[in-house]
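K.L.:
Residues per chain are reported as follows:
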Amino acid sequence: MGAVRLAWRLQRFELTVLVGACLALTIGGALVAWQLGNAGAELATCYRTSPDSGAADWPCRAIDGWVIQLSGVGTLLTGLGTVAPFLMGVFLGAPIVAREIEHRTAPIAWSLAPSRRGWLMGRILPVAGIVALALLALGQASEAVLLATPPGEIDARHLGMHGPILAVRGLTVLAVGFAIGTILGRSLPAILLTGLVTAAVFVGIHVGRYEVMRAEAAWIDPQQGGWSYNYVHESGFRSDETGEIIGFEEAFERYPDVFAEEQGDQIPPGMTMVYRVNPPDQYPSFVVREAGVTAVLGVAAGGLSLALVRRRRPE
Amino acid sequence: MTAALTWGRLGFRQQRWELILVALGVAATAIAMLWFASQLNGLRAASPGCVPPAAAEFGSCEAALNAYSQIEGLADNMLLLSFGAPFGIGVLLGAPLIAREIDAGTAQLAWSIGRSRVSWLLRRIAFIALFVVVALGVLAVTSEILAAALAPERNLGSDFAWFGRRGWLIVARGLGALMLGMLVGALIGRVLPAILAAALVMALVFTGLSFAQDRWQEGLTETHRMNYSEAGSYLDSGALVINTGLELASGEVVTWSELNERGLEVSYVDEQGRLFASEQDMQDGNLLGYDVEFAIPGARYAGVVAAVGAASVGVGLLALGLTAVVVGRRRPV
Numbered sequence: 003m004g005a006v007r008l009a010w011r012l013q014r015f016e017l018t019v020l021v022g023a024c025l026a027l028t029i030g031g032a033l034v035a036w037q038l039g040n041a042g043a044e045l046a047t048c049y050r051t052s053p054d055s056g057a058a059d060w061p062c063r064a065i066d067g068w069v070i071q072l073s074g075v076g077t078l079l080t081g082l083g084t085v086a087p088f089l090m091g092v093f094l095g096a097p098i099v100a101r102e103i104e105h106r107t108a109p110i111a112w113s114l115a116p117s118r119r120g121w122l123m124g125r126i127l128p129v130a131g132i133v134a135l136a137l138l139a140l141g142q143a144s145e146a147v148l149l150a151t152p153p154g155e156i157d158a159r160h161l162g163m164h165g166p167i168l169a170v171r172g173l174t175v176l177a178v179g180f181a182i183g184t185i186l187g188r189s190l191p192a193i194l195l196t197g198l199v200t201a202a203v204f205v206g207i208h209v210g211r212y213e214v215m216r217a218e219a220a221w222i223d224p225q226q227g228g229w230s231y232n233y234v235h236e237s238g239f240r241s242d243e244t245g246e247i248i249g250f251e252e253a254f255e256r257y258p259d260v261f262a263e264e265q266g267d268q269i270p271p272g273m274t275m276v277y278r279v280n281p282p283d284q285y286p287s288f289v290v291r292e293a294g295v296t297a298v299l300g301v302a303a304g305g306l307s308l309a310l311v312r313r314r315r316p317e
Numbered sequence: 032m033t034a035a036l037t038w039g040r041l042g043f044r045q046q047r048w049e050l051i052l053v054a055l056g057v058a059a060t061a062i063a064m065l066w067f068a069s070q071l072n073g074l075r076a077a078s079p080g081c082v083p084p085a086a087a088e089f090g091s092c093e094a095a096l097n098a099y100s101q102i103e104g105l106a107d108n109m110l111l112l113s114f115g116a117p118f119g120i121g122v123l124l125g126a127p128l129i130a131r132e133i134d135a136g137t138a139q140l141a142w143s144i145g146r147s148r149v150s151w152l153l154r155r156i157a158f159i160a161l162f163v164v165v166a167l168g169v170l171a172v173t174s175e176i177l178a179a180a181l182a183p184e185r186n187l188g189s190d191f192a193w194f195g196r197r198g199w200l201i202v203a204r205g206l207g208a209l210m211l212g213m214l215v216g217a218l219i220g221r222v223l224p225a226i227l228a229a230a231l232v233m234a235l236v237f238t239g240l241s242f243a244q245d246r247w248q249e250g251l252t253e254t255h256r257m258n259y260s261e262a263g264s265y266l267d268s269g270a271l272v273i274n275t276g277l278e279l280a281s282g283e284v285v286t287w288s289e290l291n292e293r294g295l296e297v298s299y300v301d302e303q304g305r306l307f308a309s310e311q312d313m314q315d316g317n318l319l320g321y322d323v324e325f326a327i328p329g330a331r332y333a334g335v336v337a338a339v340g341a342a343s344v345g346v347g348l349l350a351l352g353l354t355a356v357v358v359g360r361r362r363p364v
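Residue numbers (this note's numbering), protein chains in the order written: chain A, 3 to 317; chain B, 32 to 364.
Derived from the structure by calculation, the hints contain no laboratory data. Even glycine gets a Cβ: it sits at the ideal position worked out from N, Cα and C. Careful, some of the hints might be misleading.
Said to hold, decoys possible - Derived Cβ-Cβ restraints for the label pairs, each shown as a range:
#1 Arg246/B x Ala43/A: 48 to 56 Å
#2 Leu105/B x Ile185/A: 27 to 35 Å
#3 Arg256/A x Gln101/B: 23 to 31 Å
#4 Val85/A x Gly136/B: 32 to 40 Å
#5 Arg246/B x Ser241/A: 54 to 62 Å
#6 Asp157/A x Glu249/B: 22 to 30 Å
#7 Asp157/A x Gly168/B: 39 to 47 Å
#8 Ser241/A x Ala94/B: 16 to 24 Å
#9 Arg291/A x Thr37/B: 51 to 59 Å
#10 Gly67/A x Met257/B: 18 to 26 Å
#11 Ile185/A x Ala157/B: 26 to 34 Å
Unchecked claim - Some but not every residue of chain B turned toward chain A, in silico, with C-beta under 8 Å:
#12 Glu49
#13 Leu50
#14 Glu93
#15 Ala94
#16 Leu123
#17 Pro127
#18 Gly220
#19 Val222
#20 Leu223
#21 Leu227
Next comes chain A alone, as it looks inside the complex (with noise of 0.2 Å):
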């Protein structure tokens, strides 16, 4: 409890903002997926008794707009959940022992206290505890509100916008603000160094998943299997007697009177236009391993902390 005290008073306005922040936004979030949840469900059902949305005295159009503001707001709620565990992060995480060593209390306490882990464990674990949680709730906010927002699917473009991934996020660019604050010695250079750093490591988390996503598509035939795919690596046409799929440059080379009309499906005979794309049932391995990379990533960063905690002269 001392530690959550102690803690508290070092970060109190950072801690009041950051989190008083993301408790706001869980809060709108649930909010908003209630509300939304209500609207669609009173939309339907004057949907299905006055279907035609295009005449000018349509009976749904004012929950319609409802729903329509509501999905607004939610797009823009989650949007900034996106970012939180990043903000959050580095705000918090950098300035922790960069902090104590700028003003001189650290190697006091290092000198004072039986044991640097320790001291360095009861500065950093409040803080997780505290971004840990508020993370989780967020992520579950943010999960209803995509869930309540029509068409309620989720799908590969709402990676690391929902669910306990904001949190692991989150306490990932915790730690490697540690280790950045450790090293530099300096609050706002390590925050700084942090913020790029952390930009650097997810753009590269990013390309990596999208290659792994890229390589593990599937040619699908749009037709049988619904249009509900948003990852469209690639398209092409697949003949339907050898199965060879070429792309659009090829099939115009083949078959160049098939494109020069104007009319048509500009498709070549024999032949079916097909779609490279994720099947929505990949989505959740493809979350648990950028959430698996991003914690690995986190606990050597935090690993390095504790060792760099350990090693740093008392100047």
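Chain B: place on chain A using the hints.
P.N.:
Same frame as chain A, now just chain B:
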């Protein structure tokens, strides 16, 4: 001259890390912008029959179009960076400028030794303000070069494309943001809280400014009827469309929200952009009105940029004045 150099050196030493990181960030962004510009120009030169997309032939240009659209999308995102840069730099360099000195107790010492707190304040900010002007000036120039590579067929001097994301408006906004950050730092007197608070205040002030700008721009608009059947009957492509609405059959012009308030609905549009309340009205020829756009012509681009930039600098000067008051009245705790 020597005194100015001394203050400049002091400014650099106190914010060395932040200045180096900002300089590196600006340099990386500027180099990336120039690289993207050269890539876009190179792709156009290599495949004149395919790029720009309007000239492309379906099918045969797939590879060239894919390469171009990928670079184009990334280049467009680079211009988003130049939109955010003034605010980011304002927060990072402005907020800690005075807050750090108050936090560390050096400001109080300087105030007790110096003759005037205001002259201390001006000397403290001069170097940073100059740095911000130079750094954002580099982005202003490179963003113009990138925008020109994205749309070489357009005259960007009289075109609202990428408004606020290129040119000298970036520098003006940066100066305003810097002074605003400094004011928040002087009020709070602690570095980290000042950075967080400055980010919030900046978001509020510049959003407010943006709303005021929207209202002002509404007064500059010209009304143009839209005609879907004739190519080139729209406004010039460089115009800034502020709103859309309806020219009623009576000649009265209303926005869509005004139309909704009157309980009027438009359900059918023909190829000439003529609007009808119902299918029956369309068959009977009972016209409701025409689709119109309210837009500022591209020729007014320079004037609008100058006014918006002046408003940002004005906010900055107001913040500087308030900072001088805060510094002047602050107790030497």
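K.L.:
If you check the beta carbons of Arg246/B and Ser241/A, does the distance land in 54 to 62 Å?
P.N.:
holds, 60 Å
K.L.:
Between Ile185/A and Ala157/B, is the Cβ distance one that fits in 26 to 34 Å?
P.N.:
holds, 32 Å
K.L.:
Against chain A, is Gly220/B within 8 Å by beta-carbon distance?
P.N.:
This hint is violated: Gly220/B lies away from chain A, its Cβ roughly 11 Å from the closest one there, beyond 8 Å.
K.L.:
Once the shortest beta carbon distance from Leu227/B to chain A is found, is it less than 8 Å?
P.N.:
Leu227/B check passes; min Cβ-Cβ to chain A is 5 Å, inside 8 Å.
K.L.:
Is it true that Val85/A and Gly136/B lie within 32 to 40 Å of each other by Cβ?
P.N.:
holds, 35 Å
K.L.:
Can the suggested window of 27 to 35 Å be confirmed for the beta-carbon pair Leu105/B and Ile185/A?
P.N.:
With Cβ atoms ~32 Å apart, the hint holds.
K.L.:
Take the C-beta atom of Asp157/A and the C-beta atom of Gly168/B, compute their distance, and say whether it sits inside 39 to 47 Å.
P.N.:
holds, 43 Å
K.L.:
Would the stated hint for Val222/B survive a check requiring a Cβ distance to chain A of less than 8 Å?
P.N.:
Holds, because the Cβ-Cβ distance from Val222/B to chain A comes to roughly 6 Å (cut-off 8 Å).
K.L.:
Does the Cβ distance between Gly67/A and Met257/B fall inside 18 to 26 Å?
P.N.:
holds, 24 Å
K.L.:
Could you check if Leu123/B really has its C-beta closer than 8 Å to a C-beta on chain A?
P.N.:
holds, 7 Å
K.L.:
Starting from the hint 22 to 30 Å, judge whether the C-beta atoms of Asp157/A and Glu249/B obey it.
P.N.:
Between Asp157/A and Glu249/B, where Cβ atoms are some 40 Å apart, the hint is violated.
K.L.:
Per the CB criterion, is Glu93/B less than 8 Å away from chain A?
P.N.:
holds, 4 Å
In this structure, the earlier hints numbered 1, 6, 13, 18 are contradicted, and the remaining ones agree with it.
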